[in-house]
Every structure is written in C-alpha cells, then in structure tokens.
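Chemist: Order-wise, the sequence lines are chains A and B.
All residue numbers for the first sequence refer to this note's numbering, where the first residue is 1 and numbers rise by one.
All residue numbers for the second sequence refer to this note's numbering, where the first residue is 1 and numbers rise by one.
By construction, these hints were calculated from the structure, which means they are not laboratory data.
It should be emphasised that the depicted structure is a prediction, and the values quoted were computed from it without experimental measurement.
Incorrect hints may appear among the rest.
[Said to hold, decoys possible] Over 10 Å on every C-beta distance to chain B, these chain A residues come out as not near it, computed from the model:
hint, residue
1, Gln20
2, Arg140
3, Arg252
[Said to hold, decoys possible] Distance ranges between label pairs, derived from CB positions:
hint, chain 1, residue 1, chain 2, residue 2, range
4, B, Arg131, A, Arg225, 31 to 37 Å
5, B, Tyr25, A, Ile265, 49 to 55 Å
6, B, Glu135, A, Ala161, 39 to 45 Å
7, A, Trp215, B, Gln10, 43 to 49 Å
8, A, Leu232, B, His55, 39 to 45 Å
9, B, Glu203, A, Ala101, 40 to 46 Å
10, A, Trp215, B, Glu38, 30 to 36 Å
11, A, Gly205, B, Glu173, 34 to 40 Å
12, A, Asn233, B, Gln10, 46 to 52 Å
13, B, Tyr25, A, Glu116, 53 to 59 Å
[As the list claims (entries may be wrong)] Below are the PhoX-like pairs computed for lysine-lysine, each with C-alpha atoms no more than 25 Å apart in a straight line:
hint, chain 1, residue 1, chain 2, residue 2
14, B, Lys16, B, Lys26
15, B, Lys16, A, Lys145
16, B, Lys117, B, Lys181
17, B, Lys155, B, Lys16
18, B, Lys26, B, Lys155
19, B, Lys181, A, Lys145
20, B, Lys155, A, Lys96
21, B, Lys16, B, Lys95
22, B, Lys155, A, Lys176
23, A, Lys145, A, Lys176
24, B, Lys95, B, Lys117
Beta carbons: idealized from backbone N, C-alpha and C, even for Gly.
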Amino acid sequence: MAFDWVQDDDVPMAGPSFMQRVQNAMRDDDVPVARGPTIATTTAPVAQPVSRLQRDILPIEERPIIQQLMQHWLNERAAPDVLPCRLDLLNDILEKLSEQASLVTRLRADPDTSEEEHFQMMLVQTEMERVRFIVRSYLRTRLYKLENLAQYVMSQPGVQANLSATELQHARNYSKLVANQFNSAVMVNLPEAVRALDDDSSDMGIPPMVTQPVWRQPVFIHALRDCGDLDLNAGEKLRIEKGSIHLLPYERVQPHLSRGEIELI
Amino acid sequence: MSSSTELSVQLITECKRSSNSGTLYKYNDNLVRQLSREIRVLDRDLTALLSSVSHLPANEIPHPELCALTMIQTTIERDKRCLLAYHQFRMSMLKDMYWAVGGALPHVLNDPDVRGKLSPHEVDFMREYARITMEYRSDLSDVVDITMGIITPPKDIHALVIVVRDCGVVTTELGAIDFQKGQRYLVRRADIEHLILQGYLEEV
C-alpha cells in the first residue's frame, strides 16, 4: 500500500498549535523550584542591572564597576592617545572574577547542587568569559596604542603618568627594540650625519619622525553634564548640553574627557 | 620628481602592494642596499658642496649652490624616511602575525614559507618582541590570558571543534583529552582557543 508521504495542507490540525500548548502547559518540574538562596542570589553578580535611561546620564564613577570598565574600554578604543590606566578597576574586577571562579568550582564539586544550579553556573561562567573578554580587549588596545606611540610616550613624562608600571616598562623595552632594529638594519649602512631617529622638519611640511597621536581625529561624544561653550576652530562656539551627542575633533574635547564630563561612544 | 622608477617610491609601492594583498613579501635586500648606496653618494656630494662654500658666511652663499644643497638634503631625508617606513611596515606586519596566532612564536618562525621571507634582523626582532611581550603578559597571565581573541565577545563557554591536525594529549579542565584527527569534541573555549588560532582544530 503506497504510503502518502505528502501531507495534505488543508487537513485541519488535530488540536491547538504547539505554541499554544506550550503556553498553556501545567508546571511539571520534577524537583520543586527552590525559593531560598540559590547560586543566582548567593553569587553577587558582577553587574547589577541599571536601567538604560539612568545609565546613560549617570556620571561614570557612579555606575556599577562592569559598566565603568565598559565605558573606559569604549573611551580607550575611540581616543587616539593613551588615557589614564584604570588599574584599580581592573584589580577589583579580577578579584571578583577569581571569587566567582572559586565559588563555581566549590559548587560544582558539591553533590548537593541541583540540575538547575548547574545550568545557572554555566550562565555565570559565560558571563565570566565575557568580562574577561572586555579586560583583554582593554589591555590589548592600550598595548597597541603604546607600541605605535612608543617614542612619543618615552619623551613625554606627562603621558607616562597615564601608564601602569608594566606598561611603562614595556614601552621602554619596545622603543629600545625598534631603535636597535632601525640602527642595525638601516643606519649602519648610512653616513653618520644621517643616523638621527628624531628628525623634525614639520616646518617644511614633512611629518616628524616621532609619531604623535592624531589630535584632530574626530570622536563621537556623549555629554554627561552641561559643559558650557566649546571653542571651535573658526571662532565659533558650540553649546554642549547634558545628554547631547556630537562629533568633534579629539583635541577640543580632551580636557572635558579627563574631567569626566563626557564619554566617548 | 617622484617618478615611479625612483628607488624610494619603489620601496613604498611594495609596502602598499603588500598591505593591499595582505601578504608579506620577501625582504627586498636589493632595493634596500641600492637606496642606502644612493644616500651615501648623495651625502658625499653634499659634503663636497658644503666644503666648497664653507669659506663664505651663510647669507652670501650663491643661489645655485644653495638650491643644490637644499635639494640634496631633502632627497637624503626622503630616502631615509622611505627606508625606515619600509622596515617599520614589515615590523608591524610581523607583529600582527604574532598576535594572530595568539603569541605562539615557534608557529610563526618555524613555518618555512614565512621564514624565507624575513631578513635575519627581522627574525631577531620577532624573538625579542616575543620576549618583551612575555614579560608584559606574565603580570596577569594567571588571571586573564591576553593572547586570546579580541574580535568577538564569547557567546558560549563551550565550542564544538573538529580536529584537523593531530595535536596529541592536551590538558583541559575536563581532564586530559587526546585529540585524534577527524574526531569532534565539545570543549571549553578557553582551553582550546590557542589550538584553533594555530590551525590544529577547526570550529564547527
């Protein structure tokens, strides 16, 4: 007997649709859902939820530390020069991460944890991985900028104050490495008079050998406070109000950024 | 002034081609030597010219000599900058390669294809760079592994991978796993990410 594999589309369904059945299903948990403290409530999650509207206008320092780190990460990615290193934030977060990690390992080994808690632990671990991602990206962005601006950084003690001790050491090592490389591969074949590594003929229109950050780079800013009037190039002034978004050259907004009045997006 | 046969322009064109195609070309020792020789010759001319007018005070040097001096000086500086730019460009390509494989230097240097394209100075540079990055990483390596990917945030802690090349027994959080070619495994992302970057495993 030929089996009719093709389903007739106009045959009416035997009952309510799948979605309706799911939504109207009875509770049938084998294990009663715990009402007491569970892993979700005992591990203080690293991020407390803050409503988006509030978060958008809160000064950076008053936000939960994850969002502080995220904002500093965004600032770092958008700015052409190296911003102050938030080692304190990083240490805080890494400490919390290791606390969570030890809590997870302890609960995993504990035979009393339920299935549900195992699932919750997976979510916690995913969050930990994502936080690590942000920390990683923050550090790598700084490293990248450091290496590109190594000569500039070494010649400016003001900028060196923005770096952590390890970063400063790395900048020192890297600029020495590059100088050695240039000297041994190129300069050794050239006459003595030409061997300088810090030429500056910017009066003739040639960019100086020591690369500076691109000060005129445009950045998007989001004002957290009223900043008053901003001097633009042609003598115009721009009024920066709280909550507004602008696209401006970095050099104009840098003082505001360092005072925490604006954030980069 | 900048004809396309000029040596410095040739070096820069090579950098441009290399960056457009995303591949590293062989170290152009020939061009570099020619350019260095050109700088030396120009410098000799410059010194000769300078000594011929050195008895005159600066504001009495005749115009033709002044123009010649400026021209030669400018060309020397331009050649030097082009040379340095070429080396700098190659260094940044090498650094990118280093970070792309998650900081596994042997993986880059032992690849004969890549090795043949580097000058001995560049090999030294890579080794030294690996050393100073290791120093930087050692500060935080127990908590956060800086060499893992930073392009997309992880959505999942596990990854389904298929083994492309044999990599032997690897210790992971779930114990020691023996990766056999052609097998699939569900493993924690953090443990095997460096293997994915180096091409031993492929994410499914």
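Chemist: For every hint, state whether the structure bears it out.
Modeler: Evaluated hints:
1. Gln20: For glutamine 20 (chain A), whose nearest Cβ neighbour in chain B is about 30 Å away, the distance exceeds 10 Å, so it holds.
2. Arg140: About 5 Å separates arginine 140 (chain A) from the closest Cβ of chain B, which leaves it inside 10 Å; violated.
3. Arg252: holds (29 Å)
4. B:Arg131 / A:Arg225: 31 to 37 Å: violated (46 Å)
5. B:Tyr25 / A:Ile265: 49 to 55 Å: violated (39 Å)
6. B:Glu135 / A:Ala161: 39 to 45 Å: 21 Å Cβ-Cβ, so the 39 to 45 Å window is violated.
7. A:Trp215 / B:Gln10: 43 to 49 Å: violated (32 Å)
8. A:Leu232 / B:His55: 39 to 45 Å: Roughly 53 Å apart at Cβ, these two residues miss the hinted range, so it is violated.
9. B:Glu203 / A:Ala101: 40 to 46 Å: With a Cβ separation near 24 Å, glutamate 203 (chain B) and alanine 101 (chain A) fall outside 40 to 46 Å, so the hint is violated.
10. A:Trp215 / B:Glu38: 30 to 36 Å: The hinted range 30 to 36 Å holds for tryptophan 215 (chain A) and glutamate 38 (chain B), with Cβ atoms some 35 Å apart.
11. A:Gly205 / B:Glu173: 34 to 40 Å: Hint violated: Cβ distance 58 Å, outside 34 to 40 Å.
12. A:Asn233 / B:Gln10: 46 to 52 Å: Hint violated: Cβ distance 39 Å, outside 46 to 52 Å.
13. B:Tyr25 / A:Glu116: 53 to 59 Å: holds (57 Å)
14. B:Lys16 / B:Lys26: Given pair lysine 16 (chain B), lysine 26 (chain B) holds - Cα atoms ~14 Å apart, limit 25 Å.
15. B:Lys16 / A:Lys145: holds (22 Å)
16. B:Lys117 / B:Lys181: Distance of about 31 Å is beyond 25 Å: violated.
17. B:Lys155 / B:Lys16: violated (36 Å)
18. B:Lys26 / B:Lys155: Distance ~39 Å between lysine 26 (chain B) and lysine 155 (chain B) Cα, so the pair is violated.
19. B:Lys181 / A:Lys145: violated (40 Å)
20. B:Lys155 / A:Lys96: Holds: lysine 155 (chain B) and lysine 96 (chain A) sit about 20 Å apart, inside 25 Å.
21. B:Lys16 / B:Lys95: Holds: lysine 16 (chain B) and lysine 95 (chain B) sit about 17 Å apart, inside 25 Å.
22. B:Lys155 / A:Lys176: Violated, because 40 Å separates the two Cα atoms, which is more than 25 Å.
23. A:Lys145 / A:Lys176: Holds: lysine 145 (chain A) and lysine 176 (chain A) sit about 16 Å apart, inside 25 Å.
24. B:Lys95 / B:Lys117: Holds. Lysine 95 (chain B) to lysine 117 (chain B) sits at ~15 Å (cutoff 25 Å).
In summary, the numbered hints that this structure violates are 2, 4, 5, 6, 7, 8, 9, 11, 12, 16, 17, 18, 19 and 22.
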